Amino acid sequence: MTELLRRTFGKSVALTCLLIGFSPMRGEDPERWVPARWSGGPLELAQRSKDKAGAPEGAVREAIANWYRADTLDLLKGTPINCLLVTFAAAPDGETEVAQRRLVKEYVRLAHERRLAVLGMVHAGADLAGLAAAANEAGLDGLALDGDFPHSAAADVETAMRATNSAAVVIPLAQEAAAARLSAASLVSVAGVQPNAKDLADEGIRAGPSSEPWIESNIWLVRSFRFGGARRTVWIDHPAGPGSTGDYVRCVADAAAAGGRWIVALDDQLRARLYRNDAEGLAAWRAIANYLNFAEEHAGWRSFAPFGNLGIIFDTKSEYPEISQEYLNLVARRQVPYKVIARNELTSASLDGLRAALAVDLAPAAEQERKLLQAFAERGGLVIAGPSWGGAPADNQYEETPLGKGRVTVYKDEPPDPEEVARDMLELLDQDLMGMTAFNVPSVLTYAAADEGGARVLVQLLNYAADPFDQRITIRLNGTYRKARLFTPENPPVDLDVRNTPDGRTQASAPGLAVWGALLFDH
Amino acid sequence: MRHCYGSFTRRELLAGSALAAGAWAARRVEAAVPAPAAPSSPVSIAKVGGYDEDLVAHFERMFDQLGGLGSRVRGKTVAMKLNLAGAAGRGRRLGVPAGRSHWVHPNVVAALTTVFGKLGAKRVRLLESTFRRNYGVPLEDTMLNDGWDVSAIQNAASIVEFEDTNGLGTGKQYSRMKVNTRRPFIFPSFDLNHSYEDCDFFVSVAKMKNHEELGITLSMKNLFGITPELLYGAAPIPEGASRSVRERVFHYGQAQPPEGVPAEIDPKSSRYEGWRMPRLLTDICGARPIDLAVLDGIEALMGGESPGIPGTKLGKPQLLIVGQNCVCTDAVAMAAMGYNPRASRNEKPFILVKAGHFHPQEQVIPESGTHAYSDNTVMTGEEAGIGTADLSKIDIRGTPLKNAVYSYEEHRKGEAPA
Chain A
177 MTELLRRTFG KSVALTCLLI GFSPMRGEDP ERWVPARWSG GPLELAQRSK DKAGAPEGAV
237 REAIANWYRA DTLDLLKGTP INCLLVTFAA APDGETEVAQ RRLVKEYVRL AHERRLAVLG
297 MVHAGADLAG LAAAANEAGL DGLALDGDFP HSAAADVETA MRATNSAAVV IPLAQEAAAA
357 RLSAASLVSV AGVQPNAKDL ADEGIRAGPS SEPWIESNIW LVRSFRFGGA RRTVWIDHPA
417 GPGSTGDYVR CVADAAAAGG RWIVALDDQL RARLYRNDAE GLAAWRAIAN YLNFAEEHAG
477 WRSFAPFGNL GIIFDTKSEY PEISQEYLNL VARRQVPYKV IARNELTSAS LDGLRAALAV
537 DLAPAAEQER KLLQAFAERG GLVIAGPSWG GAPADNQYEE TPLGKGRVTV YKDEPPDPEE
597 VARDMLELLD QDLMGMTAFN VPSVLTYAAA DEGGARVLVQ LLNYAADPFD QRITIRLNGT
657 YRKARLFTPE NPPVDLDVRN TPDGRTQASA PGLAVWGALL FDH
Chain B
5 MRHCYGSFTR RELLAGSALA AGAWAARRVE AAVPAPAAPS SPVSIAKVGG YDEDLVAHFE
65 RMFDQLGGLG SRVRGKTVAM KLNLAGAAGR GRRLGVPAGR SHWVHPNVVA ALTTVFGKLG
125 AKRVRLLEST FRRNYGVPLE DTMLNDGWDV SAIQNAASIV EFEDTNGLGT GKQYSRMKVN
185 TRRPFIFPSF DLNHSYEDCD FFVSVAKMKN HEELGITLSM KNLFGITPEL LYGAAPIPEG
245 ASRSVRERVF HYGQAQPPEG VPAEIDPKSS RYEGWRMPRL LTDICGARPI DLAVLDGIEA
305 LMGGESPGIP GTKLGKPQLL IVGQNCVCTD AVAMAAMGYN PRASRNEKPF ILVKAGHFHP
365 QEQVIPESGT HAYSDNTVMT GEEAGIGTAD LSKIDIRGTP LKNAVYSYEE HRKGEAPA
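If you read the sequences in order, they're chains A and B. The first sequence maps to residues 177 to 699 in my numbering. The second sequence maps to residues 5 to 422 in my numbering.
In case anyone wonders, no lab produced these hints; they're calculated from the structure. Computed from a predicted structure; not experimentally measured. For each residue, glycine too, the CB sits at the ideal point set by N, CA and C. A couple of the hints might just be wrong.
What the hints assert, rightly or not - In silico DSBU-like pairs for lysine-lysine, Cα to Cα no more than 35 angstroms straight-line:
#, chain 1, residue 1, chain 2, residue 2
1, B, Lys51, A, Lys374
2, A, Lys281, A, Lys228
3, A, Lys374, B, Lys397
4, A, Lys374, B, Lys406
5, B, Lys358, B, Lys320
6, A, Lys374, B, Lys80
7, A, Lys581, B, Lys358
8, A, Lys588, B, Lys358
9, A, Lys374, B, Lys176
10, A, Lys374, B, Lys352
11, B, Lys317, B, Lys176
12, B, Lys397, B, Lys80
To be verified - Here are the in silico distance ranges between beta carbons for each label pair:
#, chain 1, residue 1, chain 2, residue 2, range
13, B, Lys126, A, Arg675, 51 to 57 angstroms
14, A, Gly476, B, Gly418, 29 to 35 angstroms
15, A, Pro668, B, Lys126, 52 to 58 angstroms
16, A, Arg237, B, Ala156, 57 to 63 angstroms
Unchecked claim - On the chain B side, residues computed to face chain A include the following (Cβ under 8 angstroms):
#, residue
17, Lys51
18, Gly54
19, Asp145
20, Gly151
21, Asp202
22, Lys320
Let the sequences and hints guide you as you build the complete structure.
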């Protein structure tokens, strides 16, 4: 595996890693954990044999059965992955479980020597009663519940852990976002989607001439956990592939753009290739590591706050969470920059600096909320509300009425169709009001954020198409910036030509994009 | 908006120039004398490997083959109506810029701008109507949305202007332009953005592609976009009518234009778009005559006018086609696409497959017919006296037609020979 390391990351990098070891992550702040699903061993095979697909065969079986050999840890050298999710418990299976725990215990010891944290994955059906003791015995840093468990399972297991004086964490994996949002945990694992873009016509859907490709993304999902003072650690969990290298790195970038992390999950074929040191597999792994490193090297960007003049008031306790979330998803899809304001954090101060507030999630607005929004409109803001605001039109989709120096737009339907609302944003908000405009981004999503003083604005660009986007992308921002630098995982940073327009805006064009780019505008 | 030249208005000049033959023919019809044959004008075809070739050289050669345009352009305002279908959005096939599928390519536009600049045009104006409700976004932004190098186009001639013609634009009032053909079919005249009147030489720059409802999109169809939605959509929307202005007023005739804007000649005529639209397009071309038709068929969408239509496919005909008569030019283009320019509604590409849920039921198959169809715009153009669609009467220059044919039907179905 030393050879594997050298081939994967080059001699100098491998040597450096060996000399300096890894960051002292284990047992420290889980916020710094970079997780990977690292399943394996006999219990994993037994578990899979119960699945529809049946137990894996051939090279995949061999790789999974032997995954907890010491040399698979060598794969992690040169990557920032420092938290492994290993197969630990499943439906009681006597000897297999005993063998698995013995295997895991030794693997945990080796991982700890490398300052890696290890979480035991617990599959649905596992006997939770003895779990805390078993986790302690194996030296695990925590448990990750994977699958359907009773509502109180995580809390029960955590209580049991604390009863043994263990500080190990308990993380339910792939939670539904709405439920996860209501939990008090500082680290949440949320079920995400495989990021990609599709042509509607290829799906047999007739689309208008201005219809855009359908993009699946998790950027909005990460953002839906990071508003106001909240800075929760978000892990996006979804199975990968089998996919191309581009699919993998897109998963990394899509979760990381807004400050989350994808729980790295390799498909079985890739793992089998890695297990046998296959060159193509190692190249894919190298590319994934490159993206993970890029994300962690720019961890400082996570402290940037969302940029934009539109605030979306988001009811985390909405009766219809899918619709509430869809506003965040689809408005982002239309490249409209926004800030999320949790409904329970709606104050006059939270509206400061904004020029528009999407308040369709307040159905109806409470008296105090209504007063705040009315005052906001009277000061010159735009309030976009559902029909419960009053004055809903009978025919048109929405109607605008002046209020003080501002205006209120009221939709006809309750709840307003998220797709319609998102599309209407481009008409209700002009470029100046939006603050940022992205040009030529059909398969690209943008996420704009600014540093604390607002001197630097970072516009992240993610290409969701399978092929590189080799066309000019132009970003126009309100304000005057002198520099624009493009960062990508593939190449050193490049300074772009900046054009300051007579109306006080700044424009820069990126020449294209493989998957991920970040354009940093600086005063 | 009346610009006088001697004792003539610009409008009268327009009526007296490109469509003189048509107007003259119309008077003859009124006199019950048999209509003369529609006029013909040379058409030039060039095989072009790709958009990176020297398109300026190609256009200069093609213009020479037409007999030269210098005298018509020098010192004049040239306006180009660009085919940027669905221009407000970002609709396109993944990984393929619109310029390579359903919009004209920026390199074609830049090359034309350069050539007109070299020919001495005083001003080049780029025009298109974008489908936006919040009218006022610069047309340049629409182009940026497809990755165009707008600065390069701006610098390609001494004065290059852009205008979104979906409303008044920089004008103070709309220009009323009368249909000067043997006889108008649907509308007697149109109210248009001033730019279509305030130009001396008008160019339709279209993509050479199919159309879901009309079979073909060529230089005549491209002019549909000159009708300002902000004006024509101003009347109340009848119950059950389409939300789309162009569908409501033009395709389906569900609503008349607002008061004060020329109304339909016969509001009781057929409402079937396959009957209406070819005639309406002919009327538009009669109101704003095309001085030069330019067809970008270097790469183009086959099977529909936009990539959101299932079954569409990208083709590489590698063709540029230009001509001073839009009917002649479109007829030659149809032949180059593998179609019979004189095809009837019962022939390809005018036998249509329309997406059912995307069209009102009565627009899928007309009451009077058994299948979805469109009449042939080129033939209605000929009928109106704009130009001939008879290939035997058209002088084709440059690449011989037989060497230019790229069958859209066969290529789309994957049946074309390698």
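Okay, the hints, checked on the actual structure:
no. : hint                                       : verdict
1   : B:Lys51 with A:Lys374                      : holds (33 angstroms)
2   : A:Lys281 with A:Lys228                     : holds (29 angstroms)
3   : A:Lys374 with B:Lys397                     : violated (47 angstroms)
4   : A:Lys374 with B:Lys406                     : violated (38 angstroms)
5   : B:Lys358 with B:Lys320                     : holds (24 angstroms)
6   : A:Lys374 with B:Lys80                      : violated (46 angstroms)
7   : A:Lys581 with B:Lys358                     : violated (48 angstroms)
8   : A:Lys588 with B:Lys358                     : holds (31 angstroms)
9   : A:Lys374 with B:Lys176                     : violated (43 angstroms)
10  : A:Lys374 with B:Lys352                     : holds (30 angstroms)
11  : B:Lys317 with B:Lys176                     : violated (42 angstroms)
12  : B:Lys397 with B:Lys80                      : holds (31 angstroms)
13  : B:Lys126 with A:Arg675: 51 to 57 angstroms : violated (27 angstroms)
14  : A:Gly476 with B:Gly418: 29 to 35 angstroms : violated (52 angstroms)
15  : A:Pro668 with B:Lys126: 52 to 58 angstroms : violated (47 angstroms)
16  : A:Arg237 with B:Ala156: 57 to 63 angstroms : holds (58 angstroms)
17  : Lys51                                      : violated (26 angstroms)
18  : Gly54                                      : violated (15 angstroms)
19  : Asp145                                     : holds (7 angstroms)
20  : Gly151                                     : holds (4 angstroms)
21  : Asp202                                     : violated (25 angstroms)
22  : Lys320                                     : violated (18 angstroms)
In terms of the numbered hints stated before, the structure departs from hints 3, 4, 6, 7, 9, 11, 13, 14, 15, 17, 18, 21 and 22, listed from lowest to highest.
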